[in-house]
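A.B. asks: One line per chain: the protein sequences are A and B, in this order. Read in order, the letters of the first sequence correspond to residues 1 to 234 in the working numbering. Read in order, the letters of the second sequence correspond to residues 1 to 414 in the working numbering.
Since the hints were made in silico from the structure, they are not lab data. Some hints here could point you the wrong way.
As a list, the in silico SDA-like pairs of lysine to any residue whose alpha-carbon atoms are at most 25 Å apart [stated by the list, open to error]: (1) Lys150/A with Glu306/B; (2) Lys96/A with Arg403/B; (3) Lys96/A with Ala321/B; (4) Lys400/B with Asp85/A; (5) Lys96/A with Val361/B; (6) Lys96/A with His320/B; (7) Lys220/B with Asp183/B; (8) Lys400/B with Asp87/A; (9) Lys176/B with His320/B; (10) Lys150/A with Ser10/B; (11) Lys150/A with Arg16/B; (12) Lys400/B with Pro25/A; (13) Lys96/A with Phe84/A; (14) Lys96/A with Asp323/B; (15) Lys400/B with Gly26/A.
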Amino acid sequence: MAGREATNPGDSAILVAERLTRVLPGEVPVTLVQDASVRIGRGEFVIIRGPSGSGKSSLLYLLGLLDRPTSGRLLLEGEDTGTFDEDRLATTRLAKLGFVFQFHFLLAEFTALDNVQMPMRRLGRLDEAAQRDRAAQLLRDLGLAGHEHKRPSQLSGGQRQRVAIARALANDPVLILADEPTGALDTKSSANVHDILHDLTRERGCSVVAVTHDMAFAQGADRLIELVDGRIVS
Amino acid sequence: MNLHFDIALSHLLSRRRQTLVSLMGVVLGVAFFLAVSALMRGSEIDFIERLVDTAPHITVSDEFRHARVQPATVAYPDGAVRVSNVKPLTDRRGIRQYRQRLAMIESIPGARVAPVLVGQAIFSFAGRDEAVTLSGIEPERMRDVSTIDEDIVAGSLDAIDTDRNGIIIGVGLAEKLSLDIGDTVSVVAAEGNVRAMNIVGLFRTGNVNYDETQTFAHLKRVQALMNRPNVANSLVMRMDDAYRARDVAARVERMIQYKAVSWQEASEDILNTLVVRNVIMYSVVGAILLVAAFGIYNVISTVVMEKTRDIAILKSIGFHARDIRRIFLIEGAIIGLIGSVLGAFGGVGLMALMQRIEVQVPGESEPVNLPVYWGMDQFAMAAAFALAAAIFAAYLPARKGGRVEPVDILRGAV
């Protein structure tokens, strides 16, 4: 049975997922996501929610090209990603997508500025000076001026998560995928991260898809996608 | 700086102690590699130098490598009659027309040659008789083909030119018979001729046996003493490049037919032993570096395990598997490279220390320093070996790192 398609017909679609299914192979195969169809419009803020184990993160990984679906089709800016090899998937993630996780996953040995600059260095689209300028600007935009040369261990949880958001924005992605971005933050920091992600959609035209349990975080979203047992129910 | 290098360096610096331990493994490996290699190569070169210095590079003797073919066999190679029990003509020993042959050999670029008539004689002095080897030489030519002139400690080589009854003997023989410069001894040739000869020179080569048994007189005098006028039974050659001796010996043999033996041919068994010794040496020192490689494997494996989350996040933001592999291979290369440089310094220290050690070698009259080889090739070899071992040790963990699936880690972490 096909799942319901979560759509926003008014938007030009950045990402189109058609009947995505992800089954973990094994003696007892486990279905993580089943027949999920999603359309993400440009500048849209979409929340995926559902009970634990409902497949929210698994769907997010599929949408973020971190995992390949067992069946179904995923189009990013009109291109069928099913034909991409691993290198092209990685390059696409680098150039077009940004990730924010529950844990900041910053590289502990590098400063905030270095962490933000890292995706730019790998992509090599800008020269060194332009990379540093952009990284510094992103940190300033996210309220981290003066913290550029601090290591993650010298920053608070909220500051680290903002550095992670800055890193996700480094290569000017078309889509940010956030997995429980406020899961490890206090209320004030959560509200701050929420506002930043909302602003991204308005100011930069960047789409955001976020998985969360946090009802406060879900407020103001353009759309809510509800997942139960790997199926989209609303 | 290169992004991969930065990340690799940060990993190593985050585990300073372990990195230092594995680095020390490489440093010690390279240092001992160099020390052992320098000593073995040094002793090999020293041995060959002695071989090359004390013995002629090529010796042409009054013999033939193959028995001469009978004229009848040459004339009728397919003849139906076999002539058996043919006895060759009794030949007078010695190299025929040696003067002409000397001229032929001298036409070879880089070759110098001297005629020698070698025979046995008895030294008789103060009621004591000593068997010696008496070599008749021409001082001017002999100076060009041997180190005898450098070994003279009293008198001179030219003295046998000015005093045709002069003889030069080794210090060992002089001490044995209580002889000194200016003394006169009776020399009895194997042919029975006796001549009183004056000691006009003493030499010391350091080789005890040689110093006690070898003597030199003028070629003309020895020819007369041995009843062999105008005869030389040996032509000794020296090359500008000693390692050309084998090829030149073959050429000389083709030119003059007499058997020409290069120092390599004469010492083939010993040189083969040196090859075996080198194989053993490089196996042992290679094993040291192999152990060091396990240390590198250990530290990089640990980093891969500890940094699995970092790998996952790097891959999630768009790093390729080959980027991850490169990062860990660079870690191995950094350890290998720094270890090689520091190990080279350590090796130089050990080599300098060994060079100062003096040992008394049996058969040598003077203590000698341990021979140490300082060639850059062994430094390059040690560094290359260390670097290869380090990169190889890093390869397996690097491959594992490259295979990390970010989803597996992210799913487990959140």
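A.B. asks: A separate judgement is required for each hint: does it hold in the structure or not?
C.D. replies: Now the hints, each set against the structure:
In summary, the hint linking Lys150/A to Glu306/B is supported, as the alpha carbons are separated by about 22 Å, within the 25 Å threshold. Distance check on the hinted pair: Lys96/A and Arg403/B sit about 23 Å apart at the alpha-carbon level, within 25 Å; holds. At most 25 Å may separate the alpha-carbon atoms for a hinted pair to count; Lys96/A and Ala321/B meet this at roughly 18 Å. This hinted pair checks out: Lys400/B and Asp85/A have alpha carbons roughly 19 Å apart, not beyond 25 Å.
Between Lys96/A and Val361/B the alpha-carbon distance is near 76 Å, which puts this suggested pair outside the 25 Å criterion. Distance restraint check for Lys96/A and His320/B: the Cα-Cα separation of roughly 15 Å lies within the 25 Å cut-off, and the hinted pair is therefore satisfied. Restraint check: the Cα-Cα separation between Lys220/B and Asp183/B comes to about 21 Å, which is no more than 25 Å; the hinted pair holds. Restraint check for Lys400/B and Asp87/A: satisfied, since their Cα atoms lie roughly 17 Å apart, inside the 25 Å limit.
Between Lys176/B and His320/B the CA atoms are separated by roughly 82 Å; this puts the pair beyond 25 Å, and the hint is violated. Simply put, Lys150/A and Ser10/B have alpha-carbon atoms about 15 Å apart, close enough for the 25 Å limit, and the pair holds. Taken as a hint, the Lys150/A and Arg16/B pair is honoured in the structure, with Cα atoms around 21 Å apart against an allowance of 25 Å. Only pairs whose Cα atoms come within 25 Å are accepted, and Lys400/B paired with Pro25/A is accepted, the gap being roughly 21 Å.
Restraint check for Lys96/A and Phe84/A: the C-alpha separation of about 14 Å stays at or below 25 Å, so the hint holds. For the hint pairing Lys96/A with Asp323/B, the CA-to-CA distance comes to about 19 Å; that is within 25 Å, so the pair holds. Of the pairs offered as hints, the one joining Lys400/B and Gly26/A holds, with about 22 Å between alpha carbons and a cut-off of 25 Å not exceeded.
When held up to the earlier numbered hints, the structure conflicts with 5 and 9 and fits the remainder.
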